[in-house]
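Engineer: Take the sequences, apply the hints, and build the full model.
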Amino acid sequence: MTRSDIWGPESVKQCVAAGLGLSLISEHAVVDDVRWESLAVLAVSPRPRSRPVDLVCRRDRLRSPAERTFTGVLRMIGSWPRELSAR
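Residue numbers (the UniProt record's numbering): 1 to 87.
Mixed in with the good hints there might be a few duds.
Quick list of simulated restraints, FRET-style, between CB atoms [said to hold, decoys possible]:
| no. | residue 1 | residue 2 | range |
| --- | --- | --- | --- |
| 1 | Arg58 | Cys15 | 30 to 38 Å |
| 2 | Ile25 | Val73 | 33 to 41 Å |
| 3 | Val56 | Val31 | 19 to 27 Å |
| 4 | Leu22 | Asp60 | 36 to 44 Å |
| 5 | Glu67 | Ser26 | 30 to 38 Å |
| 6 | Gly8 | Leu74 | 16 to 24 Å |
| 7 | Glu37 | Glu67 | 16 to 24 Å |
| 8 | Ile77 | Ala29 | 14 to 22 Å |
Read the hints as simulated data drawn from the structure, not as lab findings. What you are looking at is a predicted structure, and each value in this text was computed from that prediction instead of being measured. From the three backbone atoms N, C-alpha and C, an ideal C-beta is built for every residue, glycine too.
Structural biologist: Written as structure tokens, this is what we have:
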């Protein structure tokens, strides 16, 4: 059996679209693909646990006004928006 490593969500989505199999991928990575009906979300039970996401920045520079606003919005909502529902 041959093992291949595929890096990045775009490569994973291209492989799935080409019929090479299934993948577990972050919901936000497939919002447009599901909307355009090029990929479908399958129901998985039980749903995989959420995984933590870190917001990172360079330690040696100040954040821009846009970055500070974005950080504030993330703190306000407390989580990523749920844009997809399992189908």
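Engineer: Are the hints correct? Go through all of them and say.
Structural biologist: To see whether the hints hold, each was checked on the structure:
1. Arg58 with Cys15: 30 to 38 Å: Hint holds: Cβ distance 33 Å, inside 30 to 38 Å.
2. Ile25 with Val73: 33 to 41 Å: Cβ of Ile25 to Cβ of Val73: about 24 Å, so the range 33 to 41 Å is violated.
3. Val56 with Val31: 19 to 27 Å: holds (22 Å)
4. Leu22 with Asp60: 36 to 44 Å: holds (42 Å)
5. Glu67 with Ser26: 30 to 38 Å: violated (21 Å)
6. Gly8 with Leu74: 16 to 24 Å: Holds: the Cβ-Cβ distance is about 23 Å, inside 16 to 24 Å.
7. Glu37 with Glu67: 16 to 24 Å: At roughly 34 Å between Cβ atoms, Glu67 and Glu37 fall outside 16 to 24 Å, so the hint is violated.
8. Ile77 with Ala29: 14 to 22 Å: Distance hint for Ile77, Ala29 holds at roughly 19 Å.
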